[in-house]
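> Each chain is listed here by its residues.
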Amino acid sequence: MSSAATPPVGRPPSGRLWHKPAAIKNPWLRWGLIAAVVAYAYWAYTFMPINWDRVAAGLPRAARIINTAFPPDFARWQLLYSGVLESIQMALVATLLGVALSVVVAVMAARNIAPVVIYWFGRAIIVLARSLHPVIVAIIFVKAVGFGPLAGILTLTVYSVGFVGKLLAEAIEEIDRGQLEAIVSTGAGFAKTVLYGVFPQVLPRLVGLSIYQTDSNLRASAIVGIAGAGGIGNTLSSAFRRFDYDFAFAILLVIIGLILVSEAVSGRIRSRLT
Amino acid sequence: MLKITKLTKIYGPGRPALYEFDLAIDEPGLTAIIGPSGAGKSTLLRCINRLVEPTSGSIELDGVEITKLKGAALRDVRRRIGMIFQSFNLIDRLTVMENVLSGRLGYVSFWQALTRRFPQEDIDRAYYLLERVGLAHYVNKRADALSGGERQRVGVARALMQDPKIILADEPTASLDPKTSIQIMGFLKELSEEFSIPVLVNLHNVELARRYSRRVVGLQGGRKVFDGNPGALTEDVLDAIYGTADRDPEGVLTLESSTAAPSGVAG
Amino acid sequence: MKTDMLANTGTMTKTHTLATYHWERYTFAQRIGRFLAFLAAALVVSWALVRVDIYWPWAWDAPAQILDQFQRMYPPDWSVLPRVLESLLETVNIAIIATALSVVMAVPVAFVSARNTTPHPVLWWLGRLILVATRSVNTIVWALLFVAIFGPGVVAGICAIAFRSIGFLGKLIAEGIEECDPRPVEAMTATGASRAKVILYAIVPQILPTFYAVTVLRWDINIRESTVLGLVGAGGIGMILSSAVDFLAWQQAAVILISILGVVVLGELLSAWLRRRVL
Chain A
1 MSSAATPPVG RPPSGRLWHK PAAIKNPWLR WGLIAAVVAY AYWAYTFMPI NWDRVAAGLP
61 RAARIINTAF PPDFARWQLL YSGVLESIQM ALVATLLGVA LSVVVAVMAA RNIAPVVIYW
121 FGRAIIVLAR SLHPVIVAII FVKAVGFGPL AGILTLTVYS VGFVGKLLAE AIEEIDRGQL
181 EAIVSTGAGF AKTVLYGVFP QVLPRLVGLS IYQTDSNLRA SAIVGIAGAG GIGNTLSSAF
241 RRFDYDFAFA ILLVIIGLIL VSEAVSGRIR SRLT
Chain B
275 MLKITKLTKI YGPGRPALYE FDLAIDEPGL TAIIGPSGAG KSTLLRCINR LVEPTSGSIE
335 LDGVEITKLK GAALRDVRRR IGMIFQSFNL IDRLTVMENV LSGRLGYVSF WQALTRRFPQ
395 EDIDRAYYLL ERVGLAHYVN KRADALSGGE RQRVGVARAL MQDPKIILAD EPTASLDPKT
455 SIQIMGFLKE LSEEFSIPVL VNLHNVELAR RYSRRVVGLQ GGRKVFDGNP GALTEDVLDA
515 IYGTADRDPE GVLTLESSTA APSGVAG
Chain C
542 MKTDMLANTG TMTKTHTLAT YHWERYTFAQ RIGRFLAFLA AALVVSWALV RVDIYWPWAW
602 DAPAQILDQF QRMYPPDWSV LPRVLESLLE TVNIAIIATA LSVVMAVPVA FVSARNTTPH
662 PVLWWLGRLI LVATRSVNTI VWALLFVAIF GPGVVAGICA IAFRSIGFLG KLIAEGIEEC
722 DPRPVEAMTA TGASRAKVIL YAIVPQILPT FYAVTVLRWD INIRESTVLG LVGAGGIGMI
782 LSSAVDFLAW QQAAVILISI LGVVVLGELL SAWLRRRVL
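Same order as they appear, the protein sequences are chains A, B and C. Numbering-wise, our numbering puts 153 at position 153 of the first sequence, and it's gapless, one number per residue. Numbering-wise, our numbering puts 291 at position 17 of the second sequence, and it's gapless, one number per residue. Numbering-wise, our numbering puts 581 at position 40 of the third sequence, and it's gapless, one number per residue.
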């Protein structure tokens with residue numbers, strides 16, 4: 001690669017080329033990937049039912065909507081207030097229920113303490129709860145138990161189990177084995193072992209997760225209403241349906257404010273805990 | 275070539291980091307700046323290429339006053355001042371060649387920089403410099419795969435890529451072991467002579483300063499307390515630079531070793 | 542901690558020893574504080590429980606209703622699978638296109654919103670505002686808005702997901718930029734490179750891994766999000782789910798739910814594998 005003869009001082013040799021080495025060394029793979037991306041882009045463009053005339057018509061409509069949305073209309077503040085209150089109630093009750101269930105599910109889904117069959121069952125519950133978007137869960141619960149906050153609470157409970165259950169199970173899997181063995185060696189049964197050997201180690205994590213989940217539930221509670229499951233989301237979606245964009249904008253501002261406040265409070269509490 | 279007059283830098287209330295410092299450099303070769311930590315060595319170098327804004331005073335490079343320059347004019351001066359850093363400051367995720375070529379960023383267009391299409395003479399120069407520092411077989415290796423000494427050799431090549439009128443080296447050996455330090459200082463001295471470029475080098479190691487520099491400047495508390503050839507660095511002078519009571523620990527170590535074994539010190 | 546073995550073997554020691562070795566987990570003030578915090582939490586939750594607008598007899602009936610619902614889903618009607626798969630493909634396409642669009646919009650906002658690369662403090666504030674605003678509005682709310690603008694269809698869905706993702710991607714990339722090692726920046730500045738070239742050489746290589754990881758992560762989240770767009774008419778598999786539910790075609794809904802589950806889990810596995818490869 002390097003020539004043996006040193007050229008005269010200040011007079012470097014000429015003509016040696018350099019190109020930046022390609023990120024993917026194998027040229028077949030590189031060009032294959034590029035071709036695949038191009039082919040995908042073309043296919044997606046033809047496959048997707050996009051009506052460009054309607055897109056073009058949308059821009060003036062966007063201007064009109066923004067015009068009607070300003071200024072936001074807080075005249076029906078009572079409706080807004082009761083919606084927000086219901087969202088908060090749903091979030092709190094769901095956190096309580098969800099965290100209680102999560103503890104059970106997490107013990108089931110912790111590889112180091114649960115029997116194999118139970119472990120897979122626990123994992124399955126968590127994967128199921130995590131994979132389905134809260135709005136989809138809400139659709140099903142609304143059909144099962146009717147419109148209103150009950151469906152919302154059930155939805156958010158499932159949502160909480162998916163998140164808190166997963167992270168709590170991971171926390172249990174990381175506990176100190178020695179402490180567990182110490183309790184087992186005193187002759188304690190499974191329940192007592194979990195109570196004395198596991199819970200004290202994961203309790204701080206559980207408290208932190210619960211506070212975080214309260215915040216998440218509040219966010220989610222603002223949207224499950226779109227499926228009819230109560231809370232401020234209900235109010236928002238009916239405002240949209242009735243083209244009350246100024247009221248919708250007011251609701252949106254309140255939701256954003258609520259989320260920012262809740263995020264700040266939750267962050268403050270969690271930083272004080274640790 | 276480089277002329278510094280009454281250069282002062284005040285960071286905040288209290289003792290100035292650099293006070294009314296004068297220095298003129300006209301010939302190629304190494305000029306070592308020694309002094310305890312916090313004496314203002316690093317501030318001095320960074321004032322020269324304006325990485326630090328001087329409070330007052332003047333710096334002239336080839337007759338151009340550079341303390342007042344802005345924007346494109348400042349960048350034009352900077353590209354003629356090479357800099358070598360204590361912690362190498364390479365771009366870890368880029369190849370050795372890209373790191374060396376980055377010394378030309380002040381000369382090439384944004385498009386050339388983005389597509390890595392540097393002029394052929396830049397690539398020739400880069401190959402030549404990499405051969406000079408013994409790294410030509412590493413052109414397409416990522417910089418973070420290199421050892422400390424190799425990284426600093428890339429740093430030296432990058433500074434020389436700029437076709438600089440002067441090179442500033444801020445403690446180039448402080449992160450290296452003694453053997454590699456000697457190698458890097460050797461490269462600096464040779465290349466400085468080969469390209470006839472003056473090099474201003476901050477050193478915390480008095481022995482290295484004695485062995486490689488043509489001229490030594492002693493800094494203490496932001497003021498120049500010594501300026502002369504390395505042979506004039508007597509025990510009394512070193513006491514004046516480093517202080518008798520609170521010598522820099524590293525300074526003490528090198529002093530003791532150099533006084534204990536004077537045969538190892540080359541003039 | 543004021544603890545001692547003697548406290549546990551109290552019967553064998555004299556009374557004054559017992560009094561001396563008094564064990565407490567918390568100090569008095571700590572106990573009051575913990576009690577008050579617990580009380581406040583309990584009060585808030587019980588307020589919510591009491592005041593929430595639920596007809597309790599229904600609530601007790603809920604488990605039976607839900608079970609009944611799942612029974613109605615069995616056996617799943619697999620004949621709808623071809624249509625479901627086509628819809629699923631549309632859903633994944635929405636997620637991919639929207640993620641790509643959102644990256645294009647998020648990168649400039651990220652550079653403007655990072656303290657070390659922002660061209661101007663006013664722009665920094667503007668960038669931060671964009672990030673907070675798009676992140677605080679949920680995808681489905683964005684979808685409501687875009688359906689009102691473009692009418693029902695995938696365009697509204699793509700826009701909704703793309704807009705929501707700007708805040709997420711922009712925030713994480715901006716944080717990556719702010720965490721960059723400043724030393725290469727110093728070196729590139731010293732070569733006399735312009736600001737744009739300094740960013741190109743000193744910052745871009747450093748944030749590339751973060752950039753890829755965050756994009757893949759968001760794509761994974763976007764698959765999940767795009768499954769619900771159809772509920773408000775913004776395209777994807779949610780459309781057929783919502784109509785199946787409206788027509789009480791539970792056996793078809795079951796197939797749709799299973800497909801959603803499958804694609805979300807696959808997406809998550811692929812995303813985890815890709816992220817492991819870049820980091």
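Check before you lean on any hint, since a few could be wrong.
Stated by the list, open to error - So, partial list: chain B residues that the calculated Cβ filter (under 8 Å) puts toward chain C:
hint	residue
1	L325
2	F359
3	T389
4	K439
5	G460
6	K463
By construction, these hints were calculated from the structure, which means they are not laboratory data. Every residue gets a Cβ at the ideal spot worked out from N, C-alpha and C, and that includes glycine.
> Holds or violated: is the Cβ of B:L325 closer than 8 Å to a Cβ in chain C?
The hint holds - B:L325 has a Cβ within 8 Å of chain C, the shortest such distance being about 6 Å.
> Using Cβ atoms only, decide whether B:K463 comes closer than 8 Å to chain C, and label the hint accordingly.
violated (21 Å)
> Min Cβ distance, B:F359 to chain C: is it shorter than 8 Å?
holds (6 Å)
> Under 8 Å, Cβ to Cβ, is where B:T389 needs to be relative to chain C, so tell me if that hint holds or is violated.
This interface hint is violated because 11 Å lies over the 8 Å limit.
> Taking the closest Cβ pair, is B:K439 under 8 Å from chain C?
Cβ of B:K439 sits 12 Å from chain C, so the hint is violated.
> Can the hint on B:G460 be confirmed by a CB-to-CB distance to chain C that is less than 8 Å?
violated (22 Å)
The structure shown violates the earlier hints numbered 3, 4, 5 and 6.
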